[in-house]
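Using the sequences and the hints, build the whole thing.
Number of protein chains: 2
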Amino acid sequence: MTPDRYTIDFQPVGRRGECKEGESLLDCARRFSIGINSVCGGAGTCGNCKIRVLSGTVSAATSQEREFLSVQEIKKGWRLACQAFPHGDIKLEIPPESLSTPQRTQVEGLVVTAHPLPPVDSYHLKIAEPSLADLRGDADRLLATLNKQAALPCEFIDFGVMRGLSDNLRALNWECQATVRGKEVVAIGPFPGAELGFAVDLGTTKIAGYLLDLKDGRPLASLGITNPQVSYGDDIISRMTFALGSPENARQIQQAVIDALNGMVEKLCTVAHVKSTEILEAVVVGNTAMHHLFLGLPVHQLSRSPFVPAVSSALDVKASNLGLNIATGAYVHLLPNIAGFVGADHVAALLAVKPWRFRGAVITIDIGTNTEVSLAKDGAITAVSCASGPAFEGGHISYGMRATPGAIERVRIEGNSVQYQTINGTPPAGICGSGILDALAQMYLTSAIDERGRMVESHPRVCAGEKGLAFLLAERGDEKPIVITQQDVRELQLAKAAMRTGIQSLLEAQHIEEHDVRHIIVAGAFGSYIDIASAVTVGMLPSLPLNRFRQVGNAAGTGARLALISLKQRKVAQSIAGRARYLELASVPGFMQILAQATYLGEYRIKDGKRVKV
Amino acid sequence: MTPDRYTIDFQPVGRRGECKEGESLLDCARRFSIGINSVCGGAGTCGNCKIRVLSGTVSAATSQEREFLSVQEIKKGWRLACQAFPHGDIKLEIPPESLSTPQRTQVEGLVVTAHPLPPVDSYHLKIAEPSLADLRGDADRLLATLNKQAALPCEFIDFGVMRGLSDNLRALNWECQATVRGKEVVAIGPFPGAELGFAVDLGTTKIAGYLLDLKDGRPLASLGITNPQVSYGDDIISRMTFALGSPENARQIQQAVIDALNGMVEKLCTVAHVKSTEILEAVVVGNTAMHHLFLGLPVHQLSRSPFVPAVSSALDVKASNLGLNIATGAYVHLLPNIAGFVGADHVAALLAVKPWRFRGAVITIDIGTNTEVSLAKDGAITAVSCASGPAFEGGHISYGMRATPGAIERVRIEGNSVQYQTINGTPPAGICGSGILDALAQMYLTSAIDERGRMVESHPRVCAGEKGLAFLLAERGDEKPIVITQQDVRELQLAKAAMRTGIQSLLEAQHIEEHDVRHIIVAGAFGSYIDIASAVTVGMLPSLPLNRFRQVGNAAGTGARLALISLKQRKVAQSIAGRARYLELASVPGFMQILAQATYLGEYRIKDGKRVKV
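For the protein sequence lines, the chains are A and B, in the order given. The first sequence begins at 1 in this note's numbering and counts up by one. The second sequence begins at 1 in this note's numbering and counts up by one.
Calculated from the structure, these hints are not laboratory results. Beta carbons: idealized from backbone N, C-alpha and C, even for Gly. Just to be clear, a hint being listed does not mean it is correct.
To be verified - Not everything, but these chain A residues come out facing chain B in the computed CB check (under 7 Å): (1) 61; (2) 132; (3) 159; (4) 584.
This is the structure in structure tokens:
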């Protein structure tokens, strides 16, 4: 008998493929690089991987599935992809809230203004052909010509470049362009267009990639995608846990991101009408866990106290060593990490923001699944990391979803009436970060919740739901209405409290008064879409005049671009990492008090662990 | 009374055993399967079984011994093993020219005497554990401790080493040995024994490998094997042709030698009771084609005029890049090539011989499938390459075979009688290089062939064979006798003429008279087994007093070992390659005339393209 292998048709992705024996629908989707949300990594405990079987039979629903799905839903074909195994050919639909692609990713950032000082230089060479009177090796001949012509002390040639050199020089009729990095030739070309660089902000959830002209920093193309590692877990802890499972797991989760970057390179090059082999340098920034998983560095020591990185300093790694398809001898530069939970992405954000340019105390907050906050004053930098969690990215929220079409992104409540806006204007499918924050602020302002976050039963839009009280956000005809539950509010309080605690702990530790903070720079994709007024209203950010806030978009991506085009900027980054002091939140006196106060909604100051309404 | 039984310690074989009463040293050696040369079978008439008594007393020298040994030599302990009987415990040394090992690959060479200046240094480190107060990355922590403790400017860590570092440091409880090469950490260990190095002489036909202690150059184990690339072709031209067939071919022929070296590493480590991961550096020398095929460098330009290498200078390549299983971050150093057909192996041979140490003109000839000859005088070095072919390695010869048991390795002809010695004394299966050369000389001396190489029909052992005249070398009962055919003689004439032409062309080009050559250094496996007198008799080598010749064994292997343990020796090698001028044989005026004259047998000088008998 042949083994049970069935064809799975994934909609709306439009991908078809055979599942392997004993493979869940989630595993099968992963194998085909179809991103299905999964926070718990396939344990059946998060309920994120909801899919709907349109035709064909699958295994019976498990008790885990019944936790997340009603009998009616199961009847309609709804299942958890991690729990369902095909019993025949299957056609299934991945709803937008379960699909981790495509989505709105912040790739725009500050304008790069640094004067370029690229890590590589290219020289046009006309090389004398070998003859019986001149029998030098091809490599020696190239180096001699290069050093003479450009007055360089170039000493060696990348081994991969050397392997292709003899044939290349002859094909190019002894006229070529040699790209030099330090004392090494890293590429031989003609590079008919620009000399290209590739900058990457490798976020936990999103990846932003930029193709630049190294000579002037001019952007040629940019692209945002979902980090495919999302299918191994939403947060860095679950991904590290997966990687620690086996060396094969670690390799697999590394390969996922390498493949994604290679795909990105291909797309960017198509847009810019260039070849990937003309990319002569890359810079990748990410938090310490993303940095380690990308490089295949061990994460065991990073996942347990005292949470130290395998390496903090900046690194230059051969792209070929990582399997990144750019110029043969090109390097990937990794900016330095500050500590286990404040990584190169925050260094990059600080490099873009340069908070020391401003007078007085400056806070830079890079909001994401993991939020980094730093306080700069008089040249000193102190940084903390807050586990803000995925709530503001739609995780752990009943109708939460990523910022994809159909997501409610803006909310206004006036009395009994709720106004909302969805991405692309399509019917509401759920609610994304900026919408959730608006909703929370509006619910507080209209007294649907009190300052402790308790639902006010008397509010006309608060009703009894399956799991206690809930706020009715959007009715959807026959479909279940979109609500925000009491539990959702609790999740959001924890998330926003984590961020506020980071800010306040830094101020406490540095003995700085809240009102002495001159600038609060809000960075990150979510950070650039939110309504700052809403963030202040719920107490996520301190109550300061709105003109002290500045939303700078993807500052980490901007920093990556600066480092890509300028060796000087890399030195600045090194100096930032060297200067920055990591503050362990739990070590701040009164930390627990601060955290307790920060869960409150409303505008207030926190001083000496006490909350003062403003 | 107990019989007189003494312990005999055979060096450098490292074998010990008891001799029987009345047993000569030769008989004792044979009983322990230690091959000592002996053509006359112990009659004391060939002088081949020379050994040296290092300690203990033996019987008085016989009159036969005085035939072959000077009074001074006997005083120094030199004896014929067949004539000497122990009178107590004995320690003796079998010199390379007397040793006939089963797989007779020459791995012994000159004694390495250079003062070691190893490319790597190891430091024992006790590293402070990370804590909440000290969150530096593991790599940064290691580098800081290392640089502080050893006052180094070590800047980075091999990426492979870094990948294992975090787990390693914890497993070792923060106490380790760090091996530094330049500004890079290439290994983390404990290296309980020596710091090891691996030197390789990568010959066209044979590979010699040595495991050394890097700190003092002490050999720990050595091994000779056949180059598995032999199955892709006997000579470098056919191997390059194979590699040019397709990229897959090139990869395959490279992998063959990598696999062989990995097998060699394993065996050497087993013998020395060490781990391959403790090998911290390797040096590989080979001719330019072997060098290129080993590195996976292109050979197209090397196989057509003007025959230039992809690279001439010395190279440092990561062992991991080549798939060589030694320490993770270790490098393989490749000595420089001189030209397309004078490679790093000749540089290594010259490094071992150091011909500029001698007064006057010195010729170094490294005999192999490809023979390199160089002439050094007043600091200048000129080198040629001769395609001597595989005839003297048994190739293209009717009964030719490699130097394995059963091969005739020594021949004496007196009138109608032929005496021969086979390797291990087993019945004759064929004839190997040194035997072929002896036979050719003896045939000429006994007028079985004339100076033109024509068989003399009237000679009692010349008979009509299947393909014309043939010399009857060994009858074998029912089996076909071993013969040397007219065609064989022609092949040998071509081979020896190639070598002689190399020597003479160098002399002509440098305007040096033959008799002004002070030393002829004969290197290479074949070169160290041949009877120099035979080589002079057939006109392979110039007719000079025998004391001007010196057989130095595997000089390329010795040079590889010198370069392995000393950075200073690598500089010398670089200077040799920089100084050496390649002479294209075909460009020497009168080259064809010299070649024509050099095919003649007999002792003669060649001057101005004319042959003068001596």
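Interface hint compliance - residue 159 of chain A to chain B, C-beta minimum distance less than 7 Å: Because about 6 Å separates residue 159 of chain A from the closest Cβ in chain B, which is inside the 7 Å limit, the hint holds.
Residue 132 of chain A as an interface hint toward chain B, with CB separation required under 7 Å: holds (5 Å)
Residue 584 of chain A as an interface hint toward chain B, with CB separation required under 7 Å: This interface hint holds because 6 Å falls under the 7 Å limit.
Cut-off 7 Å, beta-carbon criterion: hint that residue 61 of chain A touches chain B: Status violated, d = 41 Å.
When each numbered hint is compared with the structure, a violation occurs for hint 1 only.
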